[in-house]
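Colleague: The task is to assemble the complex, starting from two chains supplied on their own in separate frames and drawing on the hints.
Listed below, chain by chain, are the residues.
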Amino acid sequence: MDWLSYSTPLLQGAWVTIQLTVYSTILGAFFAFAFGIGKISNNWMAKGVSIFFIEIFRGTSLLVQLFWLYFALPILGQSIGVDLRLPPVVAGTLALSLNIGAYGAEVVRGAIQAVPPSQHEAAKALDFTQRQVLWRISLPQAIPEMMPSFGNLAVQNLKDTALVSLISLGDLAFRAEQIRNFTQDSVTVYTLLLFMYFGMALVLTAIMKLLERSVGRWRPGRT
Amino acid sequence: MLFGIAWDTSSNWLFASSILPILLKGLVITIQATVLGFFVAAVLGLVLAALKASRLRIISWPARLITEFIRDTPLLVQLFFLYYVLPEYGIVLPAFLTGALALGIQYSAYTSEVYRAGIESITHGQTEAARALDLSPLRTFGVIIVPQAIPRIIPALGNYLVSIMKDVPVLSVVSVLEMLNVAKIIGDRTFNYLVPLSMVGGLYLILTLVASAAVRHLDRRLPKQGIPLK
Numbered sequence: 148m149d150w151l152s153y154s155t156p157l158l159q160g161a162w163v164t165i166q167l168t169v170y171s172t173i174l175g176a177f178f179a180f181a182f183g184i185g186k187i188s189n190n191w192m193a194k195g196v197s198i199f200f201i202e203i204f205r206g207t208s209l210l211v212q213l214f215w216l217y218f219a220l221p222i223l224g225q226s227i228g229v230d231l232r233l234p235p236v237v238a239g240t241l242a243l244s245l246n247i248g249a250y251g252a253e254v255v256r257g258a259i260q261a262v263p264p265s266q267h268e269a270a271k272a273l274d275f276t277q278r279q280v281l282w283r284i285s286l287p288q289a290i291p292e293m294m295p296s297f298g299n300l301a302v303q304n305l306k307d308t309a310l311v312s313l314i315s316l317g318d319l320a321f322r323a324e325q326i327r328n329f330t331q332d333s334v335t336v337y338t339l340l341l342f343m344y345f346g347m348a349l350v351l352t353a354i355m356k357l358l359e360r361s362v363g364r365w366r367p368g369r370t
Numbered sequence: 753m754l755f756g757i758a759w760d761t762s763s764n765w766l767f768a769s770s771i772l773p774i775l776l777k778g779l780v781i782t783i784q785a786t787v788l789g790f791f792v793a794a795v796l797g798l799v800l801a802a803l804k805a806s807r808l809r810i811i812s813w814p815a816r817l818i819t820e821f822i823r824d825t826p827l828l829v830q831l832f833f834l835y836y837v838l839p840e841y842g843i844v845l846p847a848f849l850t851g852a853l854a855l856g857i858q859y860s861a862y863t864s865e866v867y868r869a870g871i872e873s874i875t876h877g878q879t880e881a882a883r884a885l886d887l888s889p890l891r892t893f894g895v896i897i898v899p900q901a902i903p904r905i906i907p908a909l910g911n912y913l914v915s916i917m918k919d920v921p922v923l924s925v926v927s928v929l930e931m932l933n934v935a936k937i938i939g940d941r942t943f944n945y946l947v948p949l950s951m952v953g954g955l956y957l958i959l960t961l962v963a964s965a966a967v968r969h970l971d972r973r974l975p976k977q978g979i980p981l982k
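Chains as they are written, first to last, in this note's numbering: chain A, 148 to 370; chain B, 753 to 982.
Read the hints as simulated data drawn from the structure, not as lab findings.
Hints should not be assumed to be uniformly reliable.
To give a feel for the contact side, a few chain A residues facing chain B, derived at Cβ under 7 angstroms [unchecked claim]:
1. Phe218
2. Leu223
3. Ser333
Derived list of chain B stretches under chain A, where covered just means 3 residues or more per stretch with a C-beta under 8 angstroms from a C-beta of chain A [to be verified]:
4. 864–870
5. 937–945
Yeah, the Cβ is synthetic: ideal placement off N, Cα and C, and Gly gets one too.
The shape of chain B in the complex, shown without the other chains (with noise of 0.2 angstroms):
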């Protein structure tokens, strides 16, 4: 019994039928941890991109060697540290949110790539014409470059979005009860794991086959030339 909802071990089609709803719970946190994740990778990523594109070398170079060391270590490990670590500092946040914590710092490093390879991506054509009709920088950068560059940036971040969805079990070894934890937990209570995790496969195929569609859906809807800020 978990969630407080008893399974049925007499057959394996019952037994699957029993546990689905235990299932779907885990995968409403997992999608909650998967949101979370991607609007701290958003938000961060942002700032990392903005730190990187600066002038000055005492900014950007520690923000380009910051998002190297995220990018290259692992997420399980970055977690431990965050989980074990932040409260020796007095700061105790409870598993679900350390996980979607440490989730969004691992993937703010790829979307401050993607922020950062969508804004170069516009053609210095474009500045230079700006630059023609007397726009300020900040204009230009408000009104030519970012609308621009949504289009490109938004698909990228999708995929990001995908990958976080799958990152999320990780969360699982500081006990976070998203769906594979869920899954493990009534194979270790019933010892038939080949069910459960089974289910867990097909349930996450269906999820990120829904997902990569959507976000293929928005690429080809998102207007090629840009999207007005006002």
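Bound-form chain A, shown alone (with noise of 0.2 angstroms):
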């Protein structure tokens, strides 16, 4: 078996790999506007449950929260008399997305609280709602600043990705570790392995320096 016959195999799992990271990518970011907004509420509750999540899931290790959900989970459920035995595919899609998210939280609160407070003081004077505040002011000029950050956590997520391979999900690193052991050819398989995600790490860049320099119109313009 040379080195091109384990193309195909690497390719499926690495096909798992993207749609995994695309998805928790993407509900990351969700989990980090809620979150990242919610902890800098008004609202009480909204506060408790964001600042509860964000410790949670950045005080834990990753593995942590993953074998939780995969392996713990459905025995809270059986306990209570619900079934919350969840496929591999969502218990990594969540785990990674929650993670994610937690850290994402902290861009976000970061970037809305560095716009100047003169912009929300000269909305006030303007009449806005708080939510108009939120939306066309805060957002806009806060989001072009976190997208450096959000672009290492993308990359980071990618890579965390190769962690589901150890809840038995076909993902790029478990493809790579089933051809090792049928084989027994490391060397190959590994270099081969290391490569294939600094590829995808490079073109996951190149799309979020992409998509900062799409809301970098955002900014305000300097007159």
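Modeller: In structure tokens, the structure reads:
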């Protein structure tokens, strides 16, 4: 078996990794905005829930979260009479997106709080509602500032997807492990694997740079 | 039974209290791996940062490429690579050392950026003033730049120490008996994953909260104007 014959299963695995990365990054961005805005909201319920989630998912290890959702949650469900058995894809996507979302939430919070207070005061003087201030004043100015950090988090998320192979999801790392068990050709398999992840990370970085440039238009013009 | 300690599955509370000493044994391994991994990352990061700062392109450019490569590939894959490929070249290390080495290599890419940013954050005015006072470049670096960069570097390194701690469970794939692996084994044998995995989560939360508080405390205590090396 030469290294070319590895390409079919590896590409199948890479496709799973790409899908996982895309879904969990998008879902993660949603959690990031929800928890990030929640943390600075005046509503104590939203604030409490956001702080709770951010602390739990930033304070523990991703692999612990993954194992907890996959192995422990069904038992918790059993004891309260609900079927909480998650398929590996769901558990993996959920753990990845909650984890990356918690890190992203701190980025969102920081960027929103970095918008100069004079902007809020001006909006208030113009009789904007709180919701309008958030959507039309704070977020458009804050999002361009979030993008470099989001780019780093997206690559982090891509790397983290490798961990889902441990709950028997057939991603790139899982396929590689299967091939290695079969052929014992560690050097070729793992070298290929490293370069495939590197290539995907470079593409992802380029996409995030494009996205960064396209939201850069929202920055206030210099007058 | 694990590490010679038996567990009691008659109730969840008795189960939890009987496996706590076992989990704490795993915790010791986790902390050992964290400290060793951090040490490797701190030293290797310094080497990478020095290479990247070189004026010779032929040295700085490969160093930059290596940093980027390490940073863009998963720890799990790097660990597998070291664990399965090094023995083929005659380097056989115990799983624990391979794991700590993988952690150190992964995080050296991050720490090298910490050193670089810390040194670059010292303004040009400082270098110019040192030159005006006729200090040699080596002395300028040793007595002017480094002492001022240290208070900026240490808290950032501390944050990576916390990150390393959270990545130690990855070492369970090469059968290092760190805390998560211990909990998983207990779960496999008792079919009760909920209690041990939740306890690991709780212990991690305590660890990271304490470590982050320590880093913040250190950040406040370090003199902002710099630490003289003598």
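Colleague: Of the numbered hints stated earlier in the document, which are not met by this structure?
Modeller: 4
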